[in-house]
Amino acid sequence: MNMIKLIEEAIENEKMAAEKYRRGAESAEDPETRSLFEQLVRWEQDHERILRERLAVLKLIRGQQ
Amino acid sequence: MPEQARQVIAAHYFYLLQEDEADLQKLWSSLTAAAGGAPENAAYSLDLAAPAGEAAGRCQIVHRVQRSERDFCLTLISGLAVVEVLYRRVDFEPPQQAWPAALRSIDADRGRAGALGVPLFGETTVLVTDEDGETGPRLANVIGTLASRKKPAAEAGAAPGAIRIRHPVPATRILVSELDRAVAASGSPLLFNAIDHGDRSRDFFAVSSPEPGLTLSTMLPQLDAFIKKLGRQASHFSDQRRAIADERSQIDKQVAAILHQQVVTVTNGAGTGRLEDNIAHLSRMFGMLATDALLVRQAEDRLRNGLEALDAALGLQLKKGPGAKDEIGSHYRAGFSADLEDAHTEAVRLNFSRQNAQAAIEVVRTQVELLRAGEEAAIQNQTKELLSRSLLVQQERLALQVAAGFVEFVLVFYYVLKSWEGIAGQNTVDSIPAALRLLIIGGISAGAAAGTHFLARALHRRSMKNPGLWISAAVLLLALAAMIIFTVALS
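Same order as they appear, the protein sequences are chains A and B. For the first sequence, position 15 (counting from the first letter as 1) is numbered 14 according to numbering that gives the first Met the number 0, and the numbering increases by one without interruption. For the second sequence, position 484 (counting from the first letter as 1) is numbered 483 according to numbering that gives the first Met the number 0, and the numbering increases by one without interruption.
Just so you know, these hints were derived from the structure itself, not from any lab. From a predicted model like this one, the values you see are computed outputs, not experimental measurements. Treat the hints with care, as some may be off.
Claimed, not checked - Every beta carbon over 10 Å from chain A, so not counted as near; a handful from chain B, in silico:
#1 I194
#2 T217
#3 T271
#4 H330
#5 L385
#6 L399
#7 P432
#8 L435
#9 A449
#10 F453
#11 A455
To be verified - Computed, partial: chain B to chain A, Cβ under 8 Å:
#12 L16
#13 E18
#14 G78
#15 P118
#16 F120
#17 K228
#18 R231
#19 Q232
#20 H235
Claimed, not checked - Pairs of lysine to aspartate or glutamate, EDC-like flavour, derived with a Cα cap of 20 Å:
#21 K58(A) to D300(B)
#22 K14(A) to D22(B)
#23 K58(A) to E299(B)
#24 K19(A) to E8(A)
Where is the CB? At the ideal position from N, CA and C, for every residue including glycine.
Take these sequences, add in the hints, and give me the full structure.
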């Protein structure tokens, strides 16, 4: 499996994880749990952003070769 | 409406990878459909392989709507596609007073892009004014206002349960550079760039020029694209270097540990097997360092090329010469030069580590050879000792053989004499001359003793080709014949 495909899969995984935590935050019964899920959503979104940035750079580098 | 009233007051650039053609198609369609109207160029197509425009860096496609507040332009810049949206004021108020309306339109367009989920490479908002004196502070103020819109939802009175988005308090700095007259056309053109503003989703520029058209459609997207591309690459290479530096550091520790372990191993007199394992491990680490060095060298080359391209772009767009204000160029050049320097430093460190690993391999290999030489000397000594012991045993065996042969001779001699006297009679034997008797009995005894020795050797060798056997047999037979002849003749 090439690097681009691997990162695209990783992005999908991050999106799914963020969605899962978002649902967790929405259904949380106490503020502490909700806060924890919200933090997890932000982490996953950060991971997705970093992966998207790396994917774009890899595509650019590949395009220059 | 007079043309003056349609002056450009802001612009927003959506950057995508040129290869993400389908996403570009979606974004372009969504933004232009919201603006209405029809494309200006006849050859309206998003076939990027055969762009409709003139040259790269100019608008490939233009979408302009009469009396609309927005124009659209699609530009291709070295692997990136830029959707440029120019926002025009629709009344006579000064540009800076029209900014809030333009920023609302920009927000709406960004919302459309966000809803599509297209992977943007970057975004840049540009504010335009014809007054340069207060542009910097105003830009900082605008960014501060935008950042304050993203305060936590709870503070902003959002519904309970909504996801809160926290942003750090921006410490915005505004850099200023003078634009080259060739791209700014007239006036006292200045370019402002906000940095450290804390909004990772987009960059901010401001242009102070009475005629910013060329700057906005050509110069700024090119410069911005170079900065974005190089920034992303530098960030990627920086992360890569960090990972490589960690790996190098681990390898350095392992090399040191192996060298120490090797000293202990040799002192303990352990075998060469463990040292050979160490050589294999060191060789693997050497390979990893060589690969890392290649990656860092490639990154260094790309950064250097990118920096040269940025230098060329800055040289074309920003004013040069003594006294020219160029904070933007200085800032990015310094940042990317520092990245290049870091890459070079890491390359040098990797080279040292590789040399260390190579030296360690040589050291361990030498120790293996020394150990092997020592083991060979020990084996030689053992062999020598075994040989000398064997020689001693052989000497002892020879002495025993001689003794056994003598005893056998005496016994055979005695029993042959007694047997002969018993068979032939004492008188008969005594009548034979003593010398002849001694010769006959001695011949039989010697033939029997030597014959059994030679027969045993012949059987051991499984070969009867032994002269000693045949001679001793002949002697034995002759003596027996003489004994029989004399006994018969004298009895």
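Hints, verified against the model:
1. I194: Fine: 18 Å to the nearest Cβ keeps I194(B) off the interface.
2. T217: Given a closest Cβ separation of 21 Å, the condition holds.
3. T271: holds, 41 Å
4. H330: holds, 21 Å
5. L385: holds, 62 Å
6. L399: L399(B) clear of chain A: closest Cβ-Cβ about 80 Å, beyond 10 Å.
7. P432: Holds, because the least Cβ-Cβ distance between P432(B) and chain A comes to about 112 Å, which exceeds 10 Å.
8. L435: At roughly 108 Å from the nearest Cβ of chain A, L435(B) sits farther out than 10 Å, so the non-interface label holds.
9. A449: Given that every Cβ of chain A is farther than 10 Å from that of A449(B), nearest at about 87 Å, it holds.
10. F453: holds, 82 Å
11. A455: Holds, since 78 Å exceeds 10 Å.
12. L16: With a minimum Cβ separation of about 5 Å from chain A (threshold 8 Å), the hint on L16(B) holds.
13. E18: Constraint on E18(B) satisfied, holds at 6 Å.
14. G78: The hint holds - G78(B) has a Cβ within 8 Å of chain A, the shortest such distance being about 5 Å.
15. P118: holds, 6 Å
16. F120: holds, 5 Å
17. K228: Hint on K228(B): holds, closest Cβ of chain A at ~6 Å, below 8 Å.
18. R231: Holds, about 5 Å.
19. Q232: holds, 6 Å
20. H235: holds, 4 Å
21. K58(A) to D300(B): holds, 17 Å
22. K14(A) to D22(B): Holds, at roughly 18 Å.
23. K58(A) to E299(B): Holds - the C-alpha atoms of E299(B) and K58(A) are around 18 Å apart, at most 20 Å.
24. K19(A) to E8(A): holds, 17 Å
Violation of the numbered hints given earlier is absent; every hint is satisfied by the structure.
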